[in-house]
Structure formats: structure tokens, C-alpha cells
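**Q** Each chain is listed here by its residues.
Protein chains: 2
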Amino acid sequence: MTAPVLALVGATGAVGTVMIDIMNTRSDFPWGEVRLIASPRSAGKKINVRGQDLTVVALSPEAFDGVDIAMFDVPDEVSAQWAPIAAERGAIAIDNSGAFRMDADVPLVVPEVNADQIDNRPRGIIANPNCTTLSMMASLGALHREFELKELVVASYQAASGAGQSGIDRLYAEIAALAGKEAGVAAGDVAQVLAAAGLSADDSPFPAPLVLNVVPWAGSLKDAGWSSEELKVRNEARKILGIPDLKVSATCVRVPVVTTHSLSVHATFAREVTVEAAHKIFEEQPTIVLIDDPAAGKFPTPADVVGGDPTYVGRVRQALDFPNTLDFFVCGDNLRKGAALNTYEVAEELAKRL
Amino acid sequence: MTAPVLALVGATGAVGTVMIDIMNTRSDFPWGEVRLIASPRSAGKKINVRGQDLTVVALSPEAFDGVDIAMFDVPDEVSAQWAPIAAERGAIAIDNSGAFRMDADVPLVVPEVNADQIDNRPRGIIANPNCTTLSMMASLGALHREFELKELVVASYQAASGAGQSGIDRLYAEIAALAGKEAGVAAGDVAQVLAAAGLSADDSPFPAPLVLNVVPWAGSLKDAGWSSEELKVRNEARKILGIPDLKVSATCVRVPVVTTHSLSVHATFAREVTVEAAHKIFEEQPTIVLIDDPAAGKFPTPADVVGGDPTYVGRVRQALDFPNTLDFFVCGDNLRKGAALNTYEVAEELAKRL
Chain A
1 MTAPVLALVG ATGAVGTVMI DIMNTRSDFP WGEVRLIASP RSAGKKINVR
51 GQDLTVVALS PEAFDGVDIA MFDVPDEVSA QWAPIAAERG AIAIDNSGAF
101 RMDADVPLVV PEVNADQIDN RPRGIIANPN CTTLSMMASL GALHREFELK
151 ELVVASYQAA SGAGQSGIDR LYAEIAALAG KEAGVAAGDV AQVLAAAGLS
201 ADDSPFPAPL VLNVVPWAGS LKDAGWSSEE LKVRNEARKI LGIPDLKVSA
251 TCVRVPVVTT HSLSVHATFA REVTVEAAHK IFEEQPTIVL IDDPAAGKFP
301 TPADVVGGDP TYVGRVRQAL DFPNTLDFFV CGDNLRKGAA LNTYEVAEEL
351 AKRL
Chain B
1 MTAPVLALVG ATGAVGTVMI DIMNTRSDFP WGEVRLIASP RSAGKKINVR
51 GQDLTVVALS PEAFDGVDIA MFDVPDEVSA QWAPIAAERG AIAIDNSGAF
101 RMDADVPLVV PEVNADQIDN RPRGIIANPN CTTLSMMASL GALHREFELK
151 ELVVASYQAA SGAGQSGIDR LYAEIAALAG KEAGVAAGDV AQVLAAAGLS
201 ADDSPFPAPL VLNVVPWAGS LKDAGWSSEE LKVRNEARKI LGIPDLKVSA
251 TCVRVPVVTT HSLSVHATFA REVTVEAAHK IFEEQPTIVL IDDPAAGKFP
301 TPADVVGGDP TYVGRVRQAL DFPNTLDFFV CGDNLRKGAA LNTYEVAEEL
351 AKRL
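First to last, the protein sequences are chains A and B. Going by the UniProt record's numbering, the residue at position 52 of the first sequence is 52; the numbering climbs one at a time, nothing skipped. Going by the UniProt record's numbering, the residue at position 287 of the second sequence is 287; the numbering climbs one at a time, nothing skipped.
Accuracy of the hints is not assured; some may be wrong.
Since the list gives no way to pick out one identical chain from another, each pair is judged satisfied if it fits inside one copy or across any two copies.
[To be verified] Cross-link-like lysine to any residue pairs, in silico, SDA-like; alpha carbons within 20 Å at most:
#1 Lys298 to Ala201
#2 Lys352 to Ile85
#3 Lys222 to Asp116
#4 Lys247 to Met102
#5 Lys352 to Asn120
#6 Lys222 to Gly98
#7 Lys46 to Glu272
#8 Lys222 to Phe322
Hints were generated in silico from the structure; no laboratory data involved.
Chain A extracted, bound-state conformation (with noise of 0.2 Å):
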């Protein structure tokens, strides 16, 4: 057969530069052609994509013609009006949006979980989990293989990023204006520097300060006080590992960092689980980096992993008082295996099967 034919949509977004920096660098490109669409209001500008200049497309019905798989990076009403008329085009849509995860018509996919999901697809949607989900499932899918996954409690350290370019933007603009006055300004004075220096909390993507704090809320607000991205967390593990019934406790938490979210998790299992065989099972895992030598300085950090595609795992502890359960750390670059690399990889893993 002919190479398959990909298409980016939101390719001048946040995720959708990450995703040109990641067809730039791949070893394989199965591709035979690479479409690039935006915005009318982005259309016709130029970007590289191995070599060659490619003139971005407006969205419009017809740019999905001949396209074997699109890629969605894009607001979920923009995802929840297009990826379905992409499919209808004959595409097969892999949205990064919210618009379809808990979808029963629409599979969840993590490549090293649960690639058998990918040939489910009665709508020609595959769903891309969200970035705070996805930091932790090669690390819980591998556990849950062995010693079968019951209980979940994670509190998140989650990077600005993560609310798009305006929340990179808003962070190095809280951390400009604290310039010259790091010696002076105590913590609780954090936003009244902020507001001299002219950045308004109206303005802002987060609901408070981030530079100098932490602000325990991401999303919008739900039921009963839980927060959209704490119900993501617990509703797309299940769907993600198959385990309805898996109970999950989720806190999650934006701090000041630009890109990588950790997650502090505590996992209960089925079986009895050592470290030792944790470890084992985190080093044969192909997408993982485990660092765990505590007493080397040696764990991972925010820091230390971003820009780069696995999750990066360590802290590993058997819990003092809990059977079958570990408590362990993640970092993972959230605009990569969070976002533009997992669903890059659901696409790769089709071009194998077109």
C-alpha cells in the first residue's frame, strides 16, 4: 500500500509545536504525506517538518480528504465538532481533547497499557487521556500486569503548562515581577507584588499566585467539591487499566514549575508487591526511567526529565502499614508522553495495522 497520510490539527498551538519537534526528531517516519491544519487564522503560514517547509491549512471539511489519521490538539468543542466529520472523511481521529475519553464508543489509549484498545473503534475516534492521568499509567499499567491494581491515592504537583501557553506565559511574568525584590518580599506578599507590577488576577489562567505557592485546584468544579481534573484522574484509570471498580482518591495541585507534572502515588494491589520486584519491573519497561538511589542524592525531579519522552519513576517504598501496597513518585513531561507523544504513539501503532 501507498504511506498513510497524517494530519495535525492545532499544529501552531502549545502541544502542536511539541508534536512537530517530535515527527522532526523520530528515527522512523512512516508517513507519506503530513498535513498541517489550523485556524483559518494560521492558515498559510510555514513550518519545517523534516526538511521540507509545509503551508499550514485552514480547518474546513475537506482538508481531512485523503487523510488516513488526524491528530487533534485543539479545545474539546473544537475536538467535539471536528474529530467526527474527520472520521466521516474516512480519517481515524486521535483526539487530545476532553471531548471523547469517557465515551463508551471511544477508546482511552496508552500505548504500552492497553494497545489492543486501538482496533475498538465504532466512531473512528481514539482518545488521548489527560496529561495528569497519563504521567502515571506506564508505571500503574505495568504494576497492575503483575500484581493486579485495587486502590489509588495520588496528590499532583502539577506544572503551569498544563493550562496551555498562557499559563507558561503568566508564570514567567509572576516570576519577572518579583525581580530585584526576592530579598525583600516575604511569601504572603506575593500578590500585592504581583498587582504593583501590574499583573491582574483577573488576568490570570490560575486562581491564585503560582510563583512562591501552590495552588491546590486545576479544572473547573464538579460534584461534591472535586475538581474536573481530580475526576479525570480517577475516571480515565479506570477506563485506561479496565478496572471499573478501582477505588481512586485524587488531589490535584498546580505549583510552580513550567512543564513536567509529578504525581506522589500510593497503590494498593491484589498481591503482595516488594520493591525489589517493582524495581525489576520498571527497568524492563521500555517507556520508563526508574532513578531511585536516595542515598546518591538520586531521584527524579521536574527538573531533571522534561523535554524527555519516558516517565521518569522513584522514591519506591513498600508502605510501612498498608498490605500489597507501594508509595512512589513520577515526573513526566506533560506536553509530551502527557500529551503530544502518547497520541503520536497511537498513531504509530495504526500505521502498523493500515
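Given chain A, work out where chain B should sit, using these hints.
**A** Structure of chain B alone, referenced to chain A:
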């Protein structure tokens, strides 16, 4: 009786400085005399306490003569040597170091939780808990009285000042090193930016860059990968609450916040617990401020609570999948309630009984 004499050992340190601020702003002041004690290096220095310039005296056995209560805000090894000397000289020592916390003959006291333990002090020493443990004790103690705590899974967001003045200085220096480079620095370049600014990793009290980063480590390495800070949370919570078999898993993480520790808490009780009942308990506890209205963007963050005496609680949710379980978020100023304030409150309790 004559008004009691209060000594402060470590008057010139980070916590000692906060202690003097607390003494200067307390409405009732039961002390007949305040004696400021520090290392010989600081002796002779004058510090104003409630309008009087007091001269710091050098630490010596004689410095404790006539002292009723001696508060120690000094490193473990200094407390280990000198608190027993103060007790021998007739003072009751209240020690904020880790030297005596797990000593069976030394009570570990949080006044609103276990004030009754104050009188049970065979060595003449009372210990003040670790700041991370303390940040959640007011809230857990109040819930435990009503619902009987059984299990605890916590993840911390710990401030730089938990590592003392050198931690504060380092975080400010790291922020200053970023100045002017914000727009260009990707999170992954932080270590290089710091090195280029002359900030050696070897000079940091933290094992990794803290600015634009989080570091899943605090304290020293203990058995099986656990950090000393994580074991303190477990062992001190058990002792303070009087639950020797309390199940605890803690993961301690340092974040780029100057002052105020935060904790994500997942707490399981023997009896059914609702958000409404928990709200009522928190509202009735004078040392807790409940900020829990996410629809209005209201929840505690370190920037809001630093410099305050209470523990701030919010994000209270009934766990969706775990019976009798609450998830919530607490913030407490680690230099005040987490250290100086609690020590001073113990001294006030003692003053009532002298």
C-alpha cells in the same frame, strides 16, 4: 506566686526570631522576666521584647538559674546536650528539635490535641513536633475526637524555610539567578542557569534546584528508602494522637515556597464522616480557619496563610470510593504553628499550671 521566668534558647535563629515576634504581639503576657539565650557568638546582642531592650546571654548552666520554662529553638545536638541541663537547674524545657520527640518519657504536645500530656514529663522535658506533622495535627486531632482516625495517606508541599535560614536564602538566590532569563529558560535549563550564576549545587541545603522545580526529598535516608521526614510524620502523628497502630504513608516533597507547609491528606476513620460534619468541626475549632468554597475560587494557599497563627483547611471532600474517608488540603505557617507558636502555646499552658 511571682510571675514565672521564661527563657528562649536560640533567640537569634530563624525560629527564635519568629518567637520574639510572637511574644511582642501576644495580648496576654504572663511572664515576669524573659531571658534570651544564644551561642556565645551572639551574646551581648540586644533584642527588643515588648518595649524593653534585652541583652542576649551566652548558653551556660547558670543561664537557666531561676528560669521556670526554657524554650529551645536550636539544632538537635544542642538540645540533646542542654535541655537536660536546663531541667536539672529546675526549668521545664520545651524543645523544638528532634532530639526528644520519640523518647517515651517525653510528651509530644500540640495543646489543642493533647494538652493533658503536658503534666506527664518525668524528664522535665516536653517536645514540640516536627513542622510537617504539626501542619495537620489541629485538623486531624479535631476529626479524630469525633470519628476515630484509622489510616492516613499524606503528600506534602514543604517550604524552603523548613530547611532554616539557609533554605530561604538559597531559594531567593535561585530566583535572583533567573532574573532576566525567565522568557528564555526552559525548566530543564534551570541547573545550568544556576551554575552560570555561580550558585553551586554543593552549597545548597536542597539536593536539586528548587526554583521552577519540586524535590521529593526532605531529611536524611532511613530504612528501606524512607526519608527521616516521612517517618517523623508517621511516628509523631501516632504519638500525638495516641494511636500506636495508626496506619500512615507519607511522601515529603519540597516546593519553591518560602514559608508555609501544605499537605494533601487522605484520612480514613472508624465511623462515617461527611463533609458537613467535618466543616462543622473545623469551624468550631478556634485554631483552624476553614476556607472551602471552590465555586468562588476559595481554598487555602501558602501565600494567603503565611504569617498567620491558625491552620487553614479547605478542599474537604468525601472520598468517592473509600468508606469513612475524607480528602482535604491544609496549609500552616511552618515557622509559627509549625515551630515557634506551638512551643509558645505549650509554655502558656504550663504558665497556667505553675
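**Q** Give me the numbers of the hints this structure contradicts, sorted from smallest to largest.
**A** 2, 3, 7
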